[in-house]
Amino acid sequence: MSTTTLEAVTRGRIRRNRRRWTVLTVLALITATMFSLSLMLGNTYYPPGDVLRVILGETVPGASFSVGTLRLPRAVLALLVGLCFGAGGVTFQTMLRNPLASPDVIGITSGAGAAAAFAIIVLGLDEVGVSVFAIIAGLGVALIIYVLSFKDGVAGTRLVLIGIGIAAMLDSATAYVLNQAGQWDLQNAMRWLNGSLNGSTWDETIPVALALLVFGPLLLTQARNLSMLQLGDDTAAALGVRLERTRILVIVAAVALIAFATSASGPVSFVAFLAGPIASRLLGPRGSLLIPSALVGAILVLTADLIGQYAFDTRYPVGVITGVLGAPYLLYLLVRTNRAGGSL
Amino acid sequence: MTHAETPSGPGVATPRRPARVRLAWLLAVLAVLLVTMVASVAFGSRIVGWSDITAALGGANETLDQAAVIKRIPRTLLAVAVGAALALSGTVMQGVTRNPLADPGILGVNMGASLAVAVGIVTFGLTTATDYIWAAIAGAAIAAIFVYTVGSLGRGGATPLKIALAGAATSAALASLITATVLPRGDIAANYRSWQVGGVGGATWESLEHILPFLLAGTVVCLLCARPLNSLALGDDLAAGLGERVAVARGVAALGAVVLCGAATAIAGPIAFVGLVVPHLCRLLVGLDHRWLLPFSALAGAILLTAGDVAGRIVARPDEIEVGIITALIGAPFFISVVRRQKVREL
Numbered sequence: 001m002s003t004t005t006l007e008a009v010t011r012g013r014i015r016r017n018r019r020r021w022t023v024l025t026v027l028a029l030i031t032a033t034m035f036s037l038s039l040m041l042g043n044t045y046y047p048p049g050d051v052l053r054v055i056l057g058e059t060v061p062g063a064s065f066s067v068g069t070l071r072l073p074r075a076v077l078a079l080l081v082g083l084c085f086g087a088g089g090v091t092f093q094t095m096l097r098n099p100l101a102s103p104d105v106i107g108i109t110s111g112a113g114a115a116a117a118f119a120i121i122v123l124g125l126d127e128v129g130v131s132v133f134a135i136i137a138g139l140g141v142a143l144i145i146y147v148l149s150f151k152d153g154v155a156g157t158r159l160v161l162i163g164i165g166i167a168a169m170l171d172s173a174t175a176y177v178l179n180q181a182g183q184w185d186l187q188n189a190m191r192w193l194n195g196s197l198n199g200s201t202w203d204e205t206i207p208v209a210l211a212l213l214v215f216g217p218l219l220l221t222q223a224r225n226l227s228m229l230q231l232g233d234d235t236a237a238a239l240g241v242r243l244e245r246t247r248i249l250v251i252v253a254a255v256a257l258i259a260f261a262t263s264a265s266g267p268v269s270f271v272a273f274l275a276g277p278i279a280s281r282l283l284g285p286r287g288s289l290l291i292p293s294a295l296v297g298a299i300l301v302l303t304a305d306l307i308g309q310y311a312f313d314t315r316y317p318v319g320v321i322t323g324v325l326g327a328p329y330l331l332y333l334l335v336r337t338n339r340a341g342g343s344l
Numbered sequence: 001m002t003h004a005e006t007p008s009g010p011g012v013a014t015p016r017r018p019a020r021v022r023l024a025w026l027l028a029v030l031a032v033l034l035v036t037m038v039a040s041v042a043f044g045s046r047i048v049g050w051s052d053i054t055a056a057l058g059g060a061n062e063t064l065d066q067a068a069v070i071k072r073i074p075r076t077l078l079a080v081a082v083g084a085a086l087a088l089s090g091t092v093m094q095g096v097t098r099n100p101l102a103d104p105g106i107l108g109v110n111m112g113a114s115l116a117v118a119v120g121i122v123t124f125g126l127t128t129a130t131d132y133i134w135a136a137i138a139g140a141a142i143a144a145i146f147v148y149t150v151g152s153l154g155r156g157g158a159t160p161l162k163i164a165l166a167g168a169a170t171s172a173a174l175a176s177l178i179t180a181t182v183l184p185r186g187d188i189a190a191n192y193r194s195w196q197v198g199g200v201g202g203a204t205w206e207s208l209e210h211i212l213p214f215l216l217a218g219t220v221v222c223l224l225c226a227r228p229l230n231s232l233a234l235g236d237d238l239a240a241g242l243g244e245r246v247a248v249a250r251g252v253a254a255l256g257a258v259v260l261c262g263a264a265t266a267i268a269g270p271i272a273f274v275g276l277v278v279p280h281l282c283r284l285l286v287g288l289d290h291r292w293l294l295p296f297s298a299l300a301g302a303i304l305l306t307a308g309d310v311a312g313r314i315v316a317r318p319d320e321i322e323v324g325i326i327t328a329l330i331g332a333p334f335f336i337s338v339v340r341r342q343k344v345r346e347l
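Going line by line, the protein sequences match chains A and B.
Residue 344 is where the first sequence ends in my numbering, and the numbering goes up by one at each step.
Residue 347 is where the second sequence ends in my numbering, and the numbering goes up by one at each step.
These are calculated hints, taken from the structure and not from any lab test.
One thing to keep in mind: the hints can contain errors.
Said to hold, decoys possible - Some but not every residue of chain B turned toward chain A, in silico, with C-beta under 7 angstroms:
#: 1; residue: Val119
#: 2; residue: Val122
#: 3; residue: Leu161
#: 4; residue: Leu165
#: 5; residue: Ala168
#: 6; residue: Ala173
#: 7; residue: Ser176
#: 8; residue: Ala180
#: 9; residue: Phe335
As the list claims (entries may be wrong) - Distance ranges between label pairs, derived from CB positions:
#: 10; chain 1: A; residue 1: Thr44; chain 2: B; residue 2: Pro213; range: 31 to 37 angstroms
#: 11; chain 1: B; residue 1: Val122; chain 2: A; residue 2: Gly62; range: 34 to 40 angstroms
#: 12; chain 1: A; residue 1: Leu243; chain 2: B; residue 2: Gly251; range: 48 to 54 angstroms
#: 13; chain 1: A; residue 1: Leu37; chain 2: B; residue 2: Pro184; range: 20 to 26 angstroms
#: 14; chain 1: A; residue 1: Leu218; chain 2: B; residue 2: Asp319; range: 40 to 46 angstroms
Claimed, not checked - Chain A stretches covered by chain B per the calculated footprint, using a threshold of three residues with CB under 8 angstroms from any CB of chain B:
#: 15; stretch: 38-49
#: 16; stretch: 64-76
#: 17; stretch: 190-201
Backbone N, C-alpha and C define an ideal beta-carbon position, used for all residues, glycine too.
This is chain B alone, in the form it adopts within the complex:
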């Protein structure tokens, strides 16, 4: 992190990075992602050697080690997909709200998705993963609109403090409602418990299949919004002056972000702070241009979540710590450092 002294955050000018530097970073990030993915199939309660990994990837399933690798492949892919989705979603939310603290977890969007899934299961008897995803996206959208509206009422607009508080209050209310929804149903409550922590341990090829179309659609929408997001960063007036239809751009970008985090939450549970941490780090690496920032955030998010998952498996061997807990432990100090860097009147 040689650029640690560079100021970051929306609204702070960062020197333009030459394309060469960005390209180098891109290659570096890709390499790290690859290493992390290999680590994710290699480490766990059983540590697998290189030869077994390649054999298992080639289709062999004879030894216990190879079986472990085969079980870990969907988990790794899910961690990559969910991490990328959450980070992308967080980057877009920070861009749309021009708020350095925006994150699907902090804004309460994850909890909205969770409540929608819980209500869907208990009240409407949803059973398939695709149903869950639709419910989660709807819940995420409602929560996002609600929190943003409450947080931006009144003078000063959506300041980080108001947004964070509205998000925290909404999360708390939603958490209570979720408990109220699942408590009468013991069978669901037990399932809900493992899901509510946020983790990718339960990944299967099937869940991957269900989530992928949503993630792809959301990713495409978000990436297409890179240029409008760059304009929005200049402020609404200037963006409008540049010919941007501000409301439309905001709506479309937010929709992409909500689809991504709703789908990710439906499969992996509410995982907080990935969407907060990653964009800030990536801004240090590649600057403020969303055309670079968005793909970078996706890759870095994938790395963060996969590495967090691996760490959770190594630290507590032979048990494991859910990745949602790891990201909160890493993310909260980061959140605090972002808060400390802001000037008081900007909060």
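In isolation and in its complexed conformation, chain A is listed as follows:
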């Protein structure tokens, strides 16, 4: 009897592990494919060989400029921003135990975006200054939302609603900053309203890469504690999680990822919100969603940017595409949860 139970448990674990690795491999492959495609496709098609030679530093007539100077920073930024939004989003969703509590719904992205727009347009700061501004604003918004939703403990619904209110306020602050910009630059405005990768250079890409290198691993070290937090504070504490330390580390790391990504590409709509739920549907309930969500985020941004650039007559910023695709999913989630009678 006990052996069969043991066998069943072991078999289940092996099966889930196998599924996890399969999903992770597939996601990584899709990410790599989309990344390569965004280097190859464009006004002129360059075969993989040319692209590879450019990346390795050889000079290929034509390709060196198109791929090396135009497409590579853009594709790398898309990849990084997607990873950041995916990881940051699922961290908040896991920590607050609510799929709706993603940083773009509860206003943290809006805060970072408003601050970054202000720092660039009004103060004229460089990339580092902008990122610092964005992080401070993101942390500030997180703190404000937490404090405001505290009333006999923090209830998820209240936090989400307060976040929506804060987001509305911050979005209008962004609109104001954009209006302050003497000259109306549509491309620039698109970046802060919807999120856009147009005109991205290495200057914007490098800070995001550094942020991911520092805060990504930090978040990964907390992944286990984070999953235990999902069991509830008391259980997690009993399992040896140092609640406050974990929470602070996780919030700082997640906000930093979101803020750096937002100050480079603007608030790309719904990526942070979508990545987590998609990853969790692919993987099932077990295990940390951090890496799969980051990959899903990268796939979303890379794919949406390709669609936005080449699928229509007009080039659309990436945020318009993710916004149009993402909102129906949010509504679907809402309807599905409602039907099932579950509580949000």
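Based on the hints, put chain B in the right spot on chain A.
Here is chain B on its own, set in the frame of chain A:
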């Protein structure tokens, strides 16, 4: 705000206010509105004295000051009209949905109107203000029905959280669609930008003329719905027991609200939170009876929007801040305080 401690919100009993108190409040609100309107013609990048205002109102247009006043009159009237329309619309929406967070901005109705106008201009080549208004009303109606349907599916009906989320999601999708619609047309995109913030700076007598019939019609419908709204506040079953045709009452009241906010949005752009803030404040002043609440909300909305417009002109002199930004900055904290006052299970 001596009544700040009084509980408010639909479903919470507020002591009946004596008619005398209400009448006093009415006079006070009218006086404030008048003062605000005077301030609105007096203040701006150029501050105009009393003598020039009266002279300009009498038709004189000789000095720069008088010219400024003449330019500010349609703007003031538009602010009054749009503020009243949005507040009335918000009050009716809160009554119809029995939802303290209902507001044309939060429900995504404004964005529906915006998208309809954008699509109308780009795809169907609409050019006249009246066309815009019809398009906006149609878009507002579709968005309102959509958001309400999505938000009320499933158990528990239309809770504030579900409605607010459905509204936020719809707004985000609509915003992306609007960008997608206007982006290929640079000429429209530039216009759209100033309109999308929400403001009354571009007011002319002509735009007032176009919007007025719609606003009047919507106002009449909404005011006529005062009694049915009072019944609806008691709950659907009780309202039906009182002889109210619940579905009809809801439909008619919602239609009035949609016409008001659609028309207001067509002219002034999406202005959020006026419809949220005003009814809550007015309930503190005059109680829950919609026969008083509706006209009061209209007046208070007019005050809020006009005062916000004046503030936007004073704060950033000689520049100005669009009133849509001011109302969001004032309104969002208010929204949060309403959320905080609700019990969790009511969300």
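Hint check results:
1. Evaluation of the Val119 of chain B hint against chain A yields a violated restraint, the C-beta minimum of about 14 angstroms exceeding 7 angstroms.
2. Interface restraint check for Val122 of chain B: the shortest CB-CB distance to chain A comes to about 11 angstroms, outside 7 angstroms, so the restraint is violated.
3. The beta carbon of Leu161 of chain B comes within 5 angstroms of a beta carbon in chain A, closer than 7 angstroms, and the hint placing it at the interface holds.
4. Because the beta carbon of Leu165 of chain B sits about 6 angstroms from the nearest beta carbon in chain A, less than 7 angstroms, this interface hint is met.
5. The restraint placing Ala168 of chain B at the interface with chain A holds, with a minimum CB-CB distance near 5 angstroms, inside the 7 angstroms limit.
6. Interface hint at Ala173 of chain B: satisfied, since its Cβ lies 3 angstroms from the closest Cβ of chain A, which is below the 7 angstroms cut-off.
7. The beta carbon of Ser176 of chain B comes within 3 angstroms of a beta carbon in chain A, closer than 7 angstroms, and the hint placing it at the interface holds.
8. Taken as an interface hint, Ala180 of chain B checks out: its beta carbon lies about 5 angstroms from the nearest beta carbon of chain A, inside 7 angstroms.
9. Annotation: interface hint on Phe335 of chain B holds; nearest CB of chain A at approximately 4 angstroms, less than 7 angstroms.
10. Between Thr44 of chain A and Pro213 of chain B the beta carbons are some 56 angstroms apart, a value that contradicts the proposed interval 31 to 37 angstroms.
11. Between Val122 of chain B and Gly62 of chain A the CB atoms are about 36 angstroms apart, so this pair conforms to the stated range of 34 to 40 angstroms.
12. Leu243 of chain A and Gly251 of chain B have their C-beta atoms about 51 angstroms apart, which keeps the hinted 48 to 54 angstroms range intact.
13. Under the hint 20 to 26 angstroms, the C-beta atoms of Leu37 of chain A and Pro184 of chain B, about 24 angstroms apart, fit the expected range.
14. In this structure the hint that Leu218 of chain A and Asp319 of chain B lie 40 to 46 angstroms apart at CB holds, the actual value being about 43 angstroms.
15. Given as covered by chain B, the stretch 38-49 of chain A fails the check, having 0 residues with a CB less than 8 angstroms from a CB of that chain where 3 are the minimum.
16. Residue count for the stretch 64-76 of chain A with a Cβ under 8 angstroms from a Cβ of chain B: 0. That is fewer than the three needed, and the coverage hint is violated.
17. Check on the stretch 190-201 of chain A: 3 of its residues sit with their Cβ under 8 angstroms from a Cβ of chain B, so the three-residue criterion for coverage holds.
Figure legend: structure checked against the earlier numbered hints; hints not met, in rising order: 1, 2, 10, 15, 16.
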